[in-house]
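With the sequences and hints as input, model every part of the structure.
There are 4 protein chains.
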Amino acid sequence: MDSLLSQIYADVLPLVGQGKVADYIPALSKVEANQFGIAICSNDGEIFSIGDADVPFSIQSISKVFNLVLAMEYYGDAIWEKVGREPSGLPFNSMAQLEYEQGIPRNPFINAGALVISDMNQSKFATPNIAVREFVKKLSGNPSIQIDRIVADSEYDHRSRNAAMAYLMKSFNNFDNEVEKVLRNYFCNCALTMSCVDLAKSINFLANKGYSQLMDTQVLTPNETRQVNALMATSGLYDEAGSFAFRVGLPGKSGVGGGIIAIVPGRFSVCVWSPALNSVGNSLAGAAALESMTKHIGWSVY
Amino acid sequence: MDSLLSQIYADVLPLVGQGKVADYIPALSKVEANQFGIAICSNDGEIFSIGDADVPFSIQSISKVFNLVLAMEYYGDAIWEKVGREPSGLPFNSMAQLEYEQGIPRNPFINAGALVISDMNQSKFATPNIAVREFVKKLSGNPSIQIDRIVADSEYDHRSRNAAMAYLMKSFNNFDNEVEKVLRNYFCNCALTMSCVDLAKSINFLANKGYSQLMDTQVLTPNETRQVNALMATSGLYDEAGSFAFRVGLPGKSGVGGGIIAIVPGRFSVCVWSPALNSVGNSLAGAAALESMTKHIGWSVY
Amino acid sequence: MDSLLSQIYADVLPLVGQGKVADYIPALSKVEANQFGIAICSNDGEIFSIGDADVPFSIQSISKVFNLVLAMEYYGDAIWEKVGREPSGLPFNSMAQLEYEQGIPRNPFINAGALVISDMNQSKFATPNIAVREFVKKLSGNPSIQIDRIVADSEYDHRSRNAAMAYLMKSFNNFDNEVEKVLRNYFCNCALTMSCVDLAKSINFLANKGYSQLMDTQVLTPNETRQVNALMATSGLYDEAGSFAFRVGLPGKSGVGGGIIAIVPGRFSVCVWSPALNSVGNSLAGAAALESMTKHIGWSVY
Amino acid sequence: MDSLLSQIYADVLPLVGQGKVADYIPALSKVEANQFGIAICSNDGEIFSIGDADVPFSIQSISKVFNLVLAMEYYGDAIWEKVGREPSGLPFNSMAQLEYEQGIPRNPFINAGALVISDMNQSKFATPNIAVREFVKKLSGNPSIQIDRIVADSEYDHRSRNAAMAYLMKSFNNFDNEVEKVLRNYFCNCALTMSCVDLAKSINFLANKGYSQLMDTQVLTPNETRQVNALMATSGLYDEAGSFAFRVGLPGKSGVGGGIIAIVPGRFSVCVWSPALNSVGNSLAGAAALESMTKHIGWSVY
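Residue numbers (the numbering used here), protein chains in the order written: chain A, 1 to 302; chain B, 303 to 604; chain C, 605 to 906; chain D, 907 to 1208.
Honestly, the hints are just simulated from the structure, not real lab data.
Take these hints with a grain of salt, some might be off.
[Unchecked claim] Here are the simulated PhoX-like cross-link-like pairs (lysine-lysine), alpha carbons at most 20 Å apart as the crow flies: (1) A:K124 with A:K181; (2) B:K483 with D:K1087; (3) B:K511 with A:K295.
[Unchecked claim] A few chain D residues that face chain C, going by a derived Cβ cut-off under 7 Å, partial list only: (4) E992; (5) G995; (6) N999; (7) Q1133; (8) G1155; (9) Y1208.
Here the structure is a predicted model, which is why all the values come from computation and not from measurement.
We put the CB at the ideal spot given by N, CA and C, even for glycine.
As structure tokens, then:
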């Protein structure tokens, strides 16, 4: 594993810093581009890492996975009456599609879908952002994980696009709570600050049939675990999901903070991070690292 | 394996005949709905089957896989300058998306994408429909596979929608040959008549890192094989690809003739057939059979 | 004129009550469908009317005309940097078009356009809804015109769709003020309660080269007047503007309260009202009355 | 009138040659940009002209008016079952809208609508392009009007986009004849070569309640005439119809050859020509000339 990480590191180093750090909110734009880390968490609990794998970063859309898993525990299949399971074929914040499909978002990993999931969690938890934070603390075994309030507030100040989506869904009766309240909680989830090691640990249950070693708990059933992985495989990388499947071939989820998580079912979970993004908003060096990884192990899920 | 097939058969029997046989051309609408078959071809060459697994049927869009594999052999990565690799998020014959994306179809498994691949094969082969037919004869080891000319002619007579897509791509300079000629060949490929057993054999190389036992040939490299499987996994079932990944979790490709092929990488290939379709055009009992299969084996790629 | 009105009345009577009273908010749905009135205000100030021409009704989108005229006085051509002048070719509340055209609404008479105009007025007036109310009081010479607060509040409670549009425009930097505040004022304008006679008087300046007799003021220049009429002619009746031009041939503006105003340039202004609407949201009997009118006078602007 | 034309000429001269001559087919791209002409035909038959008013040019989409008038004579209101009467709000050759509205084009002046009208004329006339040519010969009193076969053939060679639209409508059963045959005739109509004087004379009946002095015939009823003018007013200038109404305020129809016809109902017809086009495909100097004209006469239909 350590030599695999060294090979990946060597492959990817020339790409680190290429691309563009997310700049739609000031708080994110200040992150130093020249950073790169990977962490692997094997199903027997070992951690392997290289580079900036312990530097906390803004997990952003990776939080959609935790949000979904939390909702699945409470709602089960009822989720799929309010959110679809199909790739969107359009940018992650498309209004046209949401209008055409009458307020039912295509999947839980585009923004509209994540907002519906947040709305469902809002109906279950007094303070959903605390619930999600406590959940990832337990999953990662790291009690010091924080929400970056400056990031969360800044995202709220730039909420227009997400507010438009939430109100559109509300107009189709697919959104129950107050828009502003749900957005506040949603942005807090996005503003969770975690390292590659934290994330690799947190998601290991998805590589391990739903069982979390750290929590010694079955977080999801094996079948639900396959479902979450299937959703990540078809819809986890915005409008690049197909190309990611083609190049990398693993279920994964990216965030505009530069993180990407991926699952090697039955073996290990992985998290890469490098803040500079490609044109569709995925970590440029991060995606390349995962491509290098599957090339070196000569294996993908397909 | 035989007991697996019996279990699936029992699970699915109540669904056989539910749905609606494709009726956009008269030749297809006459097929008896109450038929169902499965064939499995293991990577060591054994065949297992049940039901109407030897009855030949119109493979329709399953031919897009053979068409693509043939083109990959000649064009390699140049294919992806003319066709995308992303799920479409829209019906298989959407014009709006094709217009918006300036004549570059989203992937090779929607009609527009398959037409571009056919156009590429037209530039390489004197009679591409014969080339494809000979290819599947070799892959399946069945020299008697035929093109149903009545079906092919009937599809040509109802070509308007496909002609519209081809001309639209031509207007964006993404289509080189004469539209009518390419359509003729394309419809001949769709009109190939094969059984579940033929198809399971023909695609076994996709479960076997690109190696065909029957032909004793490396049809594709292992990496290309994973690429084709990834494309099937994200885009193989029209606008139901995500839901198929969620329920079944295998790379697959369907056709309106009622066939669905699927790949269990490293182990076996499978073909199910039942002519009655669900609302998005996939075999209703066929998809249920594959879902039953992954439930019984407790495994999917995810 | 009186005999013209009698003829129209006879023509239209069988249609009164056909269609469906607006029911998206409770306050509007209670209006008795079987009402019908017309008032004509000639350029020399005479009023002719028949039926329920003195019954006040909710003017709804007709207020968009007053809103626009007010903004034109302050902003002049700067308006057209934020709003287009083209018919929309889509329903009045389309999000897809607004997204595609990056937050610039097609014209000031679809909802998104009227919201931008309201946003501009918000930047000029402390309480824009009072400014518009005072404006129509002067234009109509009726100091008792009121805003129906029950209607305004009910519309605010059902604001999701309009809020989604406003936030979407805000995300494209085409909306300056707080969304909720602008919506409040916008709904107050829609909730103005006026009769056919009030409205025919209020808009007479549009038939009279911009000169209001009642106010003895040039409200708009002759050129601006032609511009407002041109906008009404191409975009005044939602997605039925072309058909209204074809059948009626006069600049006009409708509201879901069942009112339609129309202009016979150089001669007179007219307002019809009948609450039951056709499928695109225009007064069924009202549009028929205007069609009857242009047939009887054998004249349209075309 | 002569002094009006001189004023317009002076206003517009600085703009002549600005913009870009149509270059989608070689035959049109060779036209010298620096040309400009206007001709007015008054309702009492007098002709006034200035500049290159006698130079024949390719009338292109202006032919859609003649095509429609011919079809109206044979089909009456049945036309409107196959074509709408609404502005499109999208470019003249949009496929997305045509798909969304199931093969019913928005109006007879976008390409798809004109193709449906051509298809209807194909069902009535042995050689529709000859029928249209003979019609304009009579309307203009000029027996030497020709179809430019080089232009017509070149357009046919570049037919892909129009073929795509025709086939799409055929797939919705809104197109009866063979696509290629209809396109041939359609392009012949577009390739008619006429001067400003020819066109001003030909369309004078639209300014004269349907009565053609030259033919001494009632070509259309007064009501039908108003209908054609209404359609031109709302849909005659592609995706600039609203802006043209706003700036000019007359029913008009443009062509990519650089011609624009316009109607001053009850008074006169006018044709301007200047080959260089603005970004949406209308003659830049031509539109400016008509704007100058309505400014000088201080009158528009609105």
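Structure-based check of all given hints:
| no. | hint | verdict |
| --- | --- | --- |
| 1 | A:K124 with A:K181 | holds (14 Å) |
| 2 | B:K483 with D:K1087 | holds (18 Å) |
| 3 | B:K511 with A:K295 | holds (14 Å) |
| 4 | E992 | holds (4 Å) |
| 5 | G995 | holds (2 Å) |
| 6 | N999 | violated (14 Å) |
| 7 | Q1133 | holds (5 Å) |
| 8 | G1155 | holds (5 Å) |
| 9 | Y1208 | holds (4 Å) |
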